[in-house]
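Given next are the chains, with one letter for each unit.
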Amino acid sequence: MTPPPIIVGYEPTAAGRDALALGRGLAGLTGAPLSLANVHPRGGEERSGALLRDAAVRLCGDDDVRLHPVAGTSLPRGLSALADELAGGLLVVGSSRRATVGRVLLGSAASRVVHGAPCAAAVAPAGYAAADGRRIAVVGVGYDASDQSRQALSQAAALASRTGAFLRIVSVREPGCGGAGNLGHDVITLAEGENLGIAADAVLVDGDAAVELGRQGVDLLLCGSRGYGLGGQVLLGGTSSRLLRGAECPVVVLARGVRRTPFFSRLDVDATQQERGTAQRA
Amino acid sequence: VVQAGMARALAEMGAPVDHADVEVELVRAPSPAHGLHHLAQRDLADLVVLGSSGRAALGRTGAGSVGERLFQGGPCAVAVAPAGYAGESARALGRVGVAYDGGDESRAAVAEAGALARSLGATLLLIGVADPAAEAEGGNDDLQTALALGARFAPDGVTVEWTLAFGDPATELARQDVDLLICGSRSYGRPGQVLLGATATRLVAVARCPLVVVPRGVRWGLFDGVQNGASAVAEEAR
Numbered sequence: 001m002t003p004p005p006i007i008v009g010y011e012p013t014a015a016g017r018d019a020l021a022l023g024r025g026l027a028g029l030t031g032a033p034l035s036l037a038n039v040h041p042r043g044g045e046e047r048s049g050a051l052l053r054d055a056a057v058r059l060c061g062d063d064d065v066r067l068h069p070v071a072g073t074s075l076p077r078g079l080s081a082l083a084d085e086l087a088g089g090l091l092v093v094g095s096s097r098r099a100t101v102g103r104v105l106l107g108s109a110a111s112r113v114v115h116g117a118p119c120a121a122a123v124a125p126a127g128y129a130a131a132d133g134r135r136i137a138v139v140g141v142g143y144d145a146s147d148q149s150r151q152a153l154s155q156a157a158a159l160a161s162r163t164g165a166f167l168r169i170v171s172v173r174e175p176g177c178g179g180a181g182n183l184g185h186d187v188i189t190l191a192e193g194e195n196l197g198i199a200a201d202a203v204l205v206d207g208d209a210a211v212e213l214g215r216q217g218v219d220l221l222l223c224g225s226r227g228y229g230l231g232g233q234v235l236l237g238g239t240s241s242r243l244l245r246g247a248e249c250p251v252v253v254l255a256r257g258v259r260r261t262p263f264f265s266r267l268d269v270d271a272t273q274q275e276r277g278t279a280q281r282a
Numbered sequence: 283v284v285q286a287g288m289a290r291a292l293a294e295m296g297a298p299v300d301h302a303d304v305e306v307e308l309v310r311a312p313s314p315a316h317g318l319h320h321l322a323q324r325d326l327a328d329l330v331v332l333g334s335s336g337r338a339a340l341g342r343t344g345a346g347s348v349g350e351r352l353f354q355g356g357p358c359a360v361a362v363a364p365a366g367y368a369g370e371s372a373r374a375l376g377r378v379g380v381a382y383d384g385g386d387e388s389r390a391a392v393a394e395a396g397a398l399a400r401s402l403g404a405t406l407l408l409i410g411v412a413d414p415a416a417e418a419e420g421g422n423d424d425l426q427t428a429l430a431l432g433a434r435f436a437p438d439g440v441t442v443e444w445t446l447a448f449g450d451p452a453t454e455l456a457r458q459d460v461d462l463l464i465c466g467s468r469s470y471g472r473p474g475q476v477l478l479g480a481t482a483t484r485l486v487a488v489a490r491c492p493l494v495v496v497p498r499g500v501r502w503g504l505f506d507g508v509q510n511g512a513s514a515v516a517e518e519a520r
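These protein sequences, in sequence, are chains A and B.
For the first sequence, the numbering used here puts the final residue at 282, and the numbers step up evenly by one.
For the second sequence, the numbering used here puts the final residue at 520, and the numbers step up evenly by one.
The set of hints was computed from the structure by calculation and includes no laboratory data.
It is possible that some hints are incorrect.
[Stated by the list, open to error] Computed, partial: chain A to chain B, Cβ under 10 Å:
| # | residue |
| --- | --- |
| 1 | Thr-2 |
| 2 | Pro-76 |
| 3 | Asp-84 |
| 4 | Gly-116 |
| 5 | Gln-151 |
| 6 | Ser-154 |
| 7 | Tyr-228 |
| 8 | Gly-229 |
| 9 | Gly-232 |
| 10 | Leu-236 |
| 11 | Gly-237 |
| 12 | Arg-242 |
| 13 | Gly-246 |
[As the list claims (entries may be wrong)] The following residues of chain A were derived to be distant from chain B, with all beta-carbon distances above 12 Å:
| # | residue |
| --- | --- |
| 14 | Pro-12 |
| 15 | Leu-79 |
| 16 | Ala-83 |
| 17 | Arg-112 |
| 18 | Ala-117 |
| 19 | Ile-136 |
| 20 | Phe-166 |
| 21 | Arg-173 |
| 22 | Leu-204 |
Remember, predicted model here, so these are calculated numbers, not experimental data.
Even for Gly, the Cβ is constructed at its ideal location relative to N, Cα and C.
Using the sequences plus the hints, can you model the full thing?
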């Protein structure tokens, strides 16, 4: 079964190349098809097609990529529409021009891509494309025992199980807050109870979650959306929105709720696609 | 502790807690935004009103972290008052401005603003902002036509004016002489919630009067007449 496509918002800029490098890495890891999208104004279709072909030839090696010049004046609107059209599983964007190298910083357009995205959204740190040969070997997941973080944990475990990546469960104990959930219990459940056969560890750090989650030496960090608002889309909470202003690794924010197939778990893909087909006809 | 603090704060503010129309409720929630969202959803609120961030310049709006959350995914319209608004002498809301670009979301905003203007007895000002570069090529004729026709989306009995400004949309909208500004959500993403587009995102940081952002695609079924009128006018405009 093929996972839903990864859609990269591509521009011929450093941020566009960073997004592409991350999209390729994730496609290689998960086996998901890779789609490159460029949003162009009226009359810009030829240029858009040319720069996408150029990117495919120069930056994608032998990867099989699909190219999508999208007409429109708004990058977020174009990517959102394409994600709906292709039933995308993950939208990937780069960081702002003002980002420090090696860090994530959402720019204004990328921020609108992420907020309300109809599927999971990933942001590459600045300079990610230049750090070549980076393999995603350690996947981290932010865990605080909330429902959203439990879902993120199960998706991260599914990803690690399928790809052989090492899973690091990161919990942060913030001053003045309660415990950090049943960390030990969760790790045991993961490693033994569900018999996923994954290699995992858990770290419990004291400090500011938005800061600590972003610097745990993982190659990719997954986190859940916030715990309120409509499902089936990405909604940033206090921690995730600040995480996207400084994390030192690529960050994936998963969509809230279960209207769409959780990207990193292929279970029930068929059922969800049927459901989606019905919704589109209705 | 929080409860006692809240009671004291209300007493200090002279909040009209005895007034029959005012209910006071203390909510336990993981965060203020989560709690407000929950309450608004539970009580089918029409509007959540917030103050500006402590970092906002005096007289300007600026969302704090709670505002940021509710402006991205809030379940009903969200309003933010400019910093220092309480200190200003009581202002009549005599003039309600609404951002209008001819799109569905801005028509929804006009309908909402029109309903509000009617209940306030205020004048409604439709504000269109055009790109000066396109003006030379006559590229803004459509917007001008749409503005003139947009008045029809307001309910009967409301005095409607319209104006076409040129330049950066957020800057021009903030510059208008109105007592309250209303704009729509962006046109993509799930309906039934507030989501900021590019202009609204900037407007939240620079408005000089209270700003209301209305959610996308909810409750307009109630205004069926208005909506049908809107489609008819859109056809006409083409």
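Quiz item: If you check each hint against the structure, which ones fail?
Solution: Checked against the structure, the hints that fail are numbers 1, 5, 6, 13, 15, 16, 17 and 18, while the rest are satisfied.
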